[in-house]
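Which chain is which? The protein sequence lines are U and L, in order.
The working numbering puts the first residue of the first sequence at 1, with every later residue one more than the last.
The working numbering puts the first residue of the second sequence at 1, with every later residue one more than the last.
The set of hints was computed from the structure by calculation and includes no laboratory data.
Be aware that one or more of the hints could be misleading.
Some but not every residue of chain U turned toward chain L, in silico, with C-beta under 10 Å [claimed, not checked]:
{"no.": "1", "residue": "Leu86"}
{"no.": "2", "residue": "Leu97"}
{"no.": "3", "residue": "Ile113"}
{"no.": "4", "residue": "Arg114"}
{"no.": "5", "residue": "Glu118"}
{"no.": "6", "residue": "Thr140"}
{"no.": "7", "residue": "Arg178"}
{"no.": "8", "residue": "Val179"}
Computed from a predicted model, the values in this text were never measured in an experiment.
Virtual Cβ for every residue (Gly too), placed ideally from N, Cα, C.
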Amino acid sequence: MSALVEVTDLVKTFGSGEAETRVLQGLNLTLETGQLAALLGPSGSGKSTLLTILGTLMQPTSGAHHMLGVDLTTASDPERTQFRNLHIGFVFQFHNLLPDFTALENVMFPTAIREGRETDAAKARGADLLTRMGLADRITFPTAHLSGGQKQRVAVARALMNKPELVLADEPTGNLDRVSAMQVMDLIAQINKDEGTTFLISTHDEKIAALCHRQIAVADGKVTG
Amino acid sequence: MLYALKIAARYLTASKAQTALLIFGVAIGVFIFIFMSALIGGLAELILSRTAGDMAHISIQAEAVDPILLLPGKPLLVQQKSSKTANNLPTAMAFVPLIEALPGVTAVSPQITGAGVLTRGSQVTQVSINGLEAGKESAITRLDSYITQGTARLGAGGALIGQRLADDMDLLLGQSVRLRSSGGIEVVLTVTGIYQMGQGGFDRRTAYVSIGTARTLFAMPQGVTRIEIKLADLYAADTIAPQIKAMTGLNAVSWTVDGAQLLEALAAQAQTGYFLKGFALLTIIIGVASALLLSTYRRRPEIGIMRAMGASQGFVVLVFVMQGGLVGLMGGLFGAGIGYLALLPFPGRDNFQSGVLPIDINQGSYGLAILLTLIGAILASIWPARAAARVDPVEAIGQ
Ligand SMILES: Nc1ncnc2c1ncn2[C@@H]1O[C@H](COP(=O)(O)OP(=O)(O)O)[C@@H](O)[C@H]1O
Ligand SMILES: [Mg+2]
Chain U
1 MSALVEVTDL
11 VKTFGSGEAE
21 TRVLQGLNLT
31 LETGQLAALL
41 GPSGSGKSTL
51 LTILGTLMQP
61 TSGAHHMLGV
71 DLTTASDPER
81 TQFRNLHIGF
91 VFQFHNLLPD
101 FTALENVMFP
111 TAIREGRETD
121 AAKARGADLL
131 TRMGLADRIT
141 FPTAHLSGGQ
151 KQRVAVARAL
161 MNKPELVLAD
171 EPTGNLDRVS
181 AMQVMDLIAQ
191 INKDEGTTFL
201 ISTHDEKIAA
211 LCHRQIAVAD
221 GKVTG
Chain L
1 MLYALKIAAR
11 YLTASKAQTA
21 LLIFGVAIGV
31 FIFIFMSALI
41 GGLAELILSR
51 TAGDMAHISI
61 QAEAVDPILL
71 LPGKPLLVQQ
81 KSSKTANNLP
91 TAMAFVPLIE
101 ALPGVTAVSP
111 QITGAGVLTR
121 GSQVTQVSIN
131 GLEAGKESAI
141 TRLDSYITQG
151 TARLGAGGAL
161 IGQRLADDMD
171 LLLGQSVRLR
181 SSGGIEVVLT
191 VTGIYQMGQG
201 GFDRRTAYVS
211 IGTARTLFAM
221 PQGVTRIEIK
231 LADLYAADTI
241 APQIKAMTGL
251 NAVSWTVDGA
261 QLLEALAAQA
271 QTGYFLKGFA
281 LLTIIIGVAS
291 ALLLSTYRRR
301 PEIGIMRAMG
311 ASQGFVVLVF
321 VMQGGLVGLM
331 GGLFGAGIGY
341 LALLPFPGRD
351 NFQSGVLPID
361 INQGSYGLAI
371 LLTLIGAILA
381 SIWPARAAAR
391 VDPVEAIGQ
């Protein structure tokens, strides 16, 4: 069986001339379906940069990027937009939810954007996901009224809405207290076990990384272990 | 499409005070648009009814013996002062039924006009004499609406004079007066009606008599000196006058030939109106564009999230254009509503009063105001919408 995600010789530089920064310097990485992987590295090591490239939000300067057999370095912006809608879920550290919408409306967004409206089926799946996240009593809550931990659990539910093969989480617990962080990680591990969804979670917290099955260390723009 | 509309509506309701202020601003622009439309339309109505409303839209005169009468560019009133011996249109009467049958013609009034002297005791006043057919006294000039005493109907031996003339000569309704034509023929008439048009020239200088009396005074057993024609649409005069000329060979002249100044004034007035309405629309467009542009800056992170979740650039454009459209529609409807309510207390076009703005509530162009506002608001939102669509999701989410 081929890998879910494969990047080879990935290079990303920002700026040019004197101000040029080489953030990724020939990075190689393969993710197999069903993995729960932690991306470890100090701040500034290029974790977020790698995740945004894997999430098709940014193009690498050079190198190859394949997912599900699709060459994503040559795909157009609309093609990549559609690809990530169908196959990739995101959980960010900040600015995660749409503040003027309820928890359920946020969770349904990836499906509604594809179907052009909020179908009953989408509502049912959204409510089910929120219930699994322990938020059954927060389904129609405006997200502005949720706690930080609750917001991240809504974000995890939304990332799972379209049944993506890959969920990218960039320091999803970075803003949370220990109890909330563990709660979110437990839910992610549960989903990974139950549904086989592949997770790549960046963190600089060893305890969080220890909960994952695989630890990928990044330093100086390369995978070091 | 529907989903973009839902998000647009949610964005607008999320900041209620701001949205209300924006819609109110748009509504004021729409209100100004409607107010200007009603005012310019009402002014034109007033000017036309005060001048063109009482004049012939097409007149037929014999070729002039007195060249002054037909100097181009002179206002119509100069012609009314005709004091020379009238010229005859000997065969014109035969065409009257034909002209009456033309589509767009509402009245045809054959007249005998000339100059004369009105005498009562030692009082002597120069007057223009206008002989009108019985039943057509109000066909051109609406004499019946100006009557203050007596009746507008002219019988043999009756005369209609202006209030100022009556005052000058101490004449009362029912009293008799002598009228002598420039040809020296004299008749004794009874004042059967007194009118007040508010135009000094007419009120002081014109005596209306029956066409029979005028025939006697000017020794014209046949023919007339002038035929005045009124149309349903006064702007049709330029097309109907040549038709009459071609059909009858008579010298039919449209009011616009001598009314060019009036037309120019009306056009200039309408242009001022377009200018002001254009500015009202421009303020709407600038207001909507700046408000939406601010909103795109404020919502950058959300735009980034939507893009990351798989929203296309086109979807983001749609969300912001629909916000513009909703603001335009609501501001347009609201502005049209307050515009209509604000114009309600003004007297209608049929009873404009002096001292009150001549506003015609029927000429508010409400539908046009709403439509142009909607289009303007949508156009205004295109620039902010494109800026929103170009937001880089990575930067906006700011990981
Ligand atoms: N848009 C950008 N322009 C310039 N430099 C950038 C940009 N994005 C990231 N960087 C730089 O790339 C390096 C890696 O950043 P990042 O991927 O966010 O690291 P991490 O997530 O591991 O903390 C940092 O030095 C950062 O300053
Ligand atoms: Mg980072």
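field: Violations among the numbered hints
entry: Checked against the structure, the hints that fail are numbers 6, 7, 8, while the rest are satisfied.
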